[in-house]
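Enquirer: Below, each chain spelled out in residue letters.
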Amino acid sequence: DAMVIQNPRYQVTQFGKPVTLSCSQTLNHNVMYWYQQKSSQAPKLLFHYYDKDFNNEADTPDNFQSRRPNTSFCFLDIRSPGLGDAAMYLCATSRGTPNEKLFFGSGTQLSVL
Amino acid sequence: AQSVAQPEDQVNVAEGNPLTVKCTYSVSGNPYLFWYVQYPNRGLQFLLKYITGDNLVKGSYGFEAEFNKSQTSFHLKKPSALVSDSALYFCAVRDPRGGGATNKLIFGTGTLLAVQP
Chain U
1 DAMVIQNPRY
11 QVTQFGKPVT
21 LSCSQTLNHN
31 VMYWYQQKSS
41 QAPKLLFHYY
51 DKDFNNEADT
61 PDNFQSRRPN
71 TSFCFLDIRS
81 PGLGDAAMYL
91 CATSRGTPNE
101 KLFFGSGTQL
111 SVL
Chain L
1 AQSVAQPEDQ
11 VNVAEGNPLT
21 VKCTYSVSGN
31 PYLFWYVQYP
41 NRGLQFLLKY
51 ITGDNLVKGS
61 YGFEAEFNKS
71 QTSFHLKKPS
81 ALVSDSALYF
91 CAVRDPRGGG
101 ATNKLIFGTG
111 TLLAVQP
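Note that the protein sequences, when read in sequence, are chains U and L. Read in order, the letters of the first sequence are residues 1 to 113 in this note's numbering. Read in order, the letters of the second sequence are residues 1 to 117 in this note's numbering.
So here's chain U without its partners, still in its complex pose (with noise of 0.2 angstroms):
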């Protein structure tokens, strides 16, 4: 009964060539967010849906960049990966209302070669 599913679990992609990650949910949340997780490092946020509205950290480069087609379905995109992108990407949900729990996938890691 996964409730935050991310495809694929790994990733390899090469230096320069674009990679997209998927992310989808069954709970109907109004918020979808991406984090970029480096080894032993905290989960740093990159952007966030709430609904269709998007909002991007101040500090997110513009190499990375999202989709979210419908409710269930967010897209993180990263157009030409450096070997500096090689993290953990994890996609998580909540509610609309304040102070609600995340919501997370397991992440899919991603190799740069």
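Treat the hints as calculated values from the structure; they're not laboratory data. There may be inaccurate statements among the hints.
DEER-style ranges, computed between Cβ atoms [unchecked claim]:
| no. | chain 1 | residue 1 | chain 2 | residue 2 | range |
| --- | --- | --- | --- | --- | --- |
| 1 | U | D53 | L | Q10 | 36 to 46 angstroms |
| 2 | U | T26 | L | K77 | 31 to 41 angstroms |
| 3 | L | Q2 | U | R79 | 45 to 55 angstroms |
| 4 | L | S28 | U | S40 | 22 to 32 angstroms |
| 5 | L | P40 | U | A86 | 10 to 20 angstroms |
| 6 | U | A58 | L | G62 | 37 to 47 angstroms |
| 7 | U | S40 | L | Y61 | 23 to 33 angstroms |
| 8 | U | L83 | L | S70 | 38 to 48 angstroms |
| 9 | L | L56 | U | S72 | 33 to 43 angstroms |
Computed footprint of chain L on chain U; a stretch qualifies when at least three of its residues, placed anywhere within it, have a C-beta under 8 angstroms from a C-beta of chain L [unchecked claim]:
| no. | stretch |
| --- | --- |
| 10 | 45-51 |
| 11 | 63-72 |
| 12 | 103-113 |
Just so it is clear, CB atoms sit at the ideal spot from N, CA and C, and this is done for glycine as well.
Model the placement of chain L on the given structure of chain U, informed by the hints.
Expert: Only chain L this time, still in chain U's reference frame:
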């Protein structure tokens, strides 16, 4: 700046002993604090949160946390550790710069809890 600090990279405890995982925070306004746990190859799972009210908050799997405003701390505790509690624990604070209906979190760097049999 809003931030969360977890001063210990790793905490080792024997099974059956009490455990504490430390967290301190810095945030403008009222703090809304959370603990999450991450098992190997899994996403983060919610354990508990402090929003308002009683300073001692009880959560999943027998964990609890104590909010201390004067020390700006929110330490995670459990009276008797299990081997299965071994995992990576993250403290987080809600980013007050986020909109009222979103729950942007600022995470600490995590503490690896190792419970020995």
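Enquirer: Checking against the hints above, which ones are violated?
Expert: 3, 11
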